[in-house]
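Asker: Chain residues, written in single-letter form:
There are 2 protein chains.
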Amino acid sequence: MKKSLKNLRSLRRIKIVVQYVGTNYAGWQIQPNQKTIQGEIENAIFLALHEKCEVVGSGRTDAGVHALAQVAHFDTTSKIKAEKICYVLNEYLPRDISILESEEVSDKFNARFSAKKKTYQYNFYVSKIPLPCFAENYAHVPFDFDILKAQSVLDEFIGEHNFAAFCSSGSKVDLKDAVRTIYSLKIWQTDKQTYRMEVSGNGFLYNMVRIIAGTLIEVGCGKINPKKIKSIIKSKNRKHAGKTAPACGLTLKEVDYTARIRKKKAA
Amino acid sequence: MKKSLKNLRSLRRIKIVVQYVGTNYAGWQIQPNQKTIQGEIENAIFLALHEKCEVVGSGRTDAGVHALAQVAHFDTTSKIKAEKICYVLNEYLPRDISILESEEVSDKFNARFSAKKKTYQYNFYVSKIPLPCFAENYAHVPFDFDILKAQSVLDEFIGEHNFAAFCSSGSKVDLKDAVRTIYSLKIWQTDKQTYRMEVSGNGFLYNMVRIIAGTLIEVGCGKINPKKIKSIIKSKNRKHAGKTAPACGLTLKEVDYTARIRKKKAA
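The listed protein sequences derive, respectively, from chains A and B.
Residues 1 to 267 in our numbering are what the first sequence spells out, letter by letter.
Residues 1 to 267 in our numbering are what the second sequence spells out, letter by letter.
Treat the hints as calculated values from the structure; they're not laboratory data.
Where hints are given, some of them may not hold.
A few chain A residues facing chain B, derived, Cβ under 8 angstroms [claimed, not checked]:
no., residue
1, Tyr20
2, His66
3, Ala82
4, Cys86
5, Asn90
6, Arg95
7, Leu100
Here a beta-carbon is modelled for each residue, glycine too, at the ideal position from N, C-alpha and C.
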């Protein structure tokens, strides 16, 4: 879309924080003839601010994946107070998408490229029978699960590694570009039958969080030997890691733009 | 339905434990032209066991209310092993209703009249903006909430009281029949913005749990003076208690048929 010089001068960059339930969407990114989160937000901006804007997210989330606080930005000529834009957009958004905050930021801020750290949650429940109360936000694990076994391998993932073994083959990422840093990885029991994995890193490959979750679940279920995790990472071969855990268990929890990450000191 | 003597002799009473998401249902109890939990289960029994059976629940849950473990019973002539009936029925139930267990019980067992203790959870979140990730299972509280204030009044509810002030006026219960015993009442923060109330008692009046939840929320939000709770209970007047909190926050957690309740000893 052409913008006059005058418009360009008055363009403001708005950062938004978005919460959504991904169940009914084909993911974040706009696709033809599909309901997407990005598409719904761009539509709300068009209806509320009468502008066609491209909304840039911190990253794409897959179909069925949720977000507690996805971050995105867009540029607008609207004169509405930045802090009020979230309320205006929410009027035009469906019930399963909500803008939690909006603020004006420098045009050097980029929701995708300025992100320093991302945190994901992966929820699952353990039960022989599928449990309706957990169907939307939890993966179903129908086997016995030993949390101590899963916890015993967490340290292997921490730090900088080539995570090619934890990247879906559909991805276009070069094997050499598969180096990522995981800052923290935890897994704990949240209630009688429910568990949560939480992982923070400087970025994640395609399906990487779901494959780590699937691998930890298989370790806890006795299907992957805990001693093999180190060699699975080193193999850089997707075939050796666990299954990709289902999308419904995954939630983008936080995107951090300020984090100064402490480097591990030698002991 | 008429049953021959032979059939009567071979009737077995089956106890089932049911989990459901109440969002898309007009409540537990069968009603004409409405989707109900009881209706779906009776339909599944008809399709799976080729019998018309009445399913008796421990109590009705309202439209939109969920259950982690509702209990019910029905009588059947089916020869299928009692423990397998849950799997057979689940084949015919929608995704948001699931039978967790089935077992044969004495015909003296009655899911409604044998219940000794019920436990409900009430979930809510505190945020100025509605949060999609909590829309299905949490009530939305758009005001500041002080958990310590809410916790300061819990003891007033414990024990045997006439809870007429906490019974919706639509109920047919006589004022004199409004005496119930609350065994425990707790409220705590479950995550950054989420809270849970849990209450156990020998039985609950119509909307009683939701009115207690609404009252505790109003105490925490500074709308009801904590010192007034005692007189609100004593008033037996519905007008003095807080609002009925929304159905979506309520979950029937457990029905206990064995509990020997310790009576409070005089100090």
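Asker: Is the interface hint for His66 of chain A satisfied, with its Cβ closer than 8 angstroms to some Cβ of chain B?
Answerer: 6 angstroms, holds
Asker: So, as I understand it, the hint says Leu100 of chain A touches chain B; can you test that by seeing if any CB pair is closer than 8 angstroms?
Answerer: This hint holds: Leu100 of chain A lies near chain B, its Cβ roughly 6 angstroms from the closest one there, short of 8 angstroms.
Asker: Please check whether Tyr20 of chain A passes as an interface residue: C-beta within 8 angstroms of a C-beta belonging to chain B.
Answerer: 6 angstroms, holds
Asker: Hint validation: Cys86 of chain A versus chain B, beta carbon distance must be below 8 angstroms. Holds or violated?
Answerer: Status holds, d = 7 angstroms.
Asker: Checking hints one by one. Is Asn90 of chain A an interface residue toward chain B, by the C-beta closer than 8 angstroms rule?
Answerer: OK, holds: Asn90 of chain A within 8 angstroms of chain B, min 7 angstroms.
Asker: Would the hint on Ala82 of chain A be counted as holding, given a Cβ-Cβ threshold of 8 angstroms to chain B?
Answerer: 15 angstroms, violated
Asker: Does Arg95 of chain A pass the interface hint, meaning its C-beta sits closer than 8 angstroms to a C-beta of chain B?
Answerer: With a minimum Cβ separation of about 6 angstroms from chain B (threshold 8 angstroms), the hint on Arg95 of chain A holds.
In this structure, only the earlier hint numbered 3 is contradicted, and the remaining ones agree with it.
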